[in-house]
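Participant: Each chain, letter by letter, is given below.
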Amino acid sequence: MTVADSIRPTSDALLSVTAPKRPANMGQIIRWLLLFLGGVAMVMPIAYMISTSLKWPHEVYNVNLIPDEPTIENYTYVLEDGRFYHWFVNSLVIATLTTVSNILFDSLVGYTLCKFRFPGRYIIFIAILSTLMIPTEMLVIPWYLMSQQFGWLDSYWGIMFPGLMTAFGTFLMKQFFETVPDDFIEAARIDGLNELQIWWTVAMPLVKPALAALAIFVFLGNWTAFIWPLIVANSVDMYTLPVGLSSFGDEADVAWELIMTGAAISTLPTLVVFLIFQRFIIRGVVMAGLKG
Amino acid sequence: MYKSLTIRQKQIVWAWGFLALPVLFYTVIRFYPTGNAILISFQNWNLLGTRTWAGFDNYIKLFNDPVFWKVFANTFKYLLIGTPLSLLISFIIAYHLDQLRFMHGFLRMLYFLPFMTSAVAMAWVWRWFYQPVPTGLFNNLLASVGIGQIAFLNSTTNALPAILAPAIWAGLGFQIIIFMAGLRSIPKSYYEAARIDGVGWWTILWEITLPLLKPTIVFIVVFSSIGFLRIFDHVFNMTTNNPGGPLNSTKPLVLMIYDTAFSSFDMGYAAAQTVVLFTVLLVVSLVQLRILRDK
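Residue numbers (my numbering), protein chains in the order written: chain A, 1 to 292; chain B, 1001 to 1295.
Please note that a few of the clues may not be correct.
With a cut-off of at most 25 Å between alpha-carbon atoms, the simulated DSS-like pairs for lysine-lysine come out as follows [unchecked claim]:
1. A:208 / A:115
2. B:1003 / A:115
3. B:1214 / B:1188
4. B:1077 / B:1061
5. B:1010 / A:115
No wet-lab data here; the hints were simulated from the structure.
The task is simple: from the sequences and hints, build the whole structure.
Facilitator: Spelled out as structure tokens, the structure:
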């Protein structure tokens, strides 16, 4: 546990409040008020999305933030329609499976590149790193042709396969395995553990904070992913939430309060998770941003 | 047989065993498609017919296409407005937030929250904001204080900044957090020394804070530039009735690629556009790294 603890203070220090304690003066109060107003403005779009999703049709175009008579009618309507339920499940399954795959493979590759000495190590590292420069948009056409050829169109596998491993995750994990002392691994080897057991039972528990950071990034990225699912998912039942919301909003005569309800359904889960694990997630973002 | 290997040989076997599947993945899902995209850019292909060699025809067609130059200019407008503006706003907020104790975590949460939203969902929210009266929030607010209406998404001049606004908004939280981490990593002793010497805050900002923040600034500039050059979700969702409109005034390169490939099924032409996008991203990143490192 010493290693995990030694990582934590650095990222914690980056988040702790370091401003000196001093008596509140006028300047500080004005600064606080301005920042507070700015922060309120930042969350206004989210607040209006939620507020409108709770309004009756006749109240929607009223600019007040708090609905006069809040209702969950829009949610019942949208969920009874069934499509959003499908899309929610699709997004959840796809984002979860992709996250698990990245956690396993990115850390396995990062660990191997960090802790093993073998011919080809440097070339593999450079090759994986170089894929960071290739934009997804350049690959969607070949991916589409590949999916068409192998019958992957319109399936979970088709939506997921491009993201099962990422160079970003591999690089992040490699950086963090550097903090695991080689002595630990050597000791485990002497104890008779095989390399797979050493990776899973010795090294992995020591980089838990990094794994959590990776999980947050991959899950959020896949939950909100748009262009590839838009291309590869053709039938309404296979849409993910963003693709579904996009087609739902584009239907003729669909009411704005229903679009806002759909938008709220697709964005509230990540917001709630954030509010619960706030400190933890911000720390993860800092770690991933600075190390990745 | 495995038992007879030396420790070093065993390590090599394990390493390649661990890497077998990932190497296959990166070869088939990353490298082969990259080569394939470049190959297709030299071919004519509409998905149904046969593939024929086209030489540089797709590239020549692209450079003679007025829509491409319009799109190219739009893409750089997103970059040249989006990156400096988001950098400036996020630095100002991070700089001041860093010097406050009272409800620090709460304020930080407010600024970070938009980063956790889905771009598609928020694009629809902002699209609603921009609607004309009696629908849209902004125009309703303007009407309630008696100011004239503004055409946001229907105007060829206002639509691009209107679409850029939510893209900047969504990225601010991340940049603020990274800036604050950068500010924390500057040793306190530097500031104390400057204060003892009686240096003013403006000089401290320009002589100590900003130079020491340079790695953070480089990271944010490169990272956000790549994001703005690849803008798609916001544009697509805020202009679904006429993608990239009005009159192509908001269309970025990625939307042109999407249309060419998956509406016109002109795969060769679309592949040539992706090669151009790749080149633009590479050149812009390298130029930024060169300029920012030298200074």
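Participant: Does each hint hold? Answer for all of them.
Facilitator: Do the hints match the structure? See the list:
1. Taking the CA atoms of residue 208 (chain A) and residue 115 (chain A), the gap is about 17 Å. The hint holds against a cut of 25 Å.
2. Simply put, residue 1003 (chain B) and residue 115 (chain A) have alpha-carbon atoms about 21 Å apart, close enough for the 25 Å limit, and the pair holds.
3. Of the supplied pair hints, the one linking residue 1214 (chain B) and residue 1188 (chain B) holds, its CA atoms being roughly 17 Å apart against a limit of 25 Å.
4. Taken as a hint, the residue 1077 (chain B) and residue 1061 (chain B) pair is honoured in the structure, with Cα atoms around 23 Å apart against an allowance of 25 Å.
5. Straight-line distance between C-alpha atoms of residue 1010 (chain B) and residue 115 (chain A) comes to about 14 Å, which keeps the hinted pair within the 25 Å bound.
Hint check: no violations occur; every hint is consistent with the structure.
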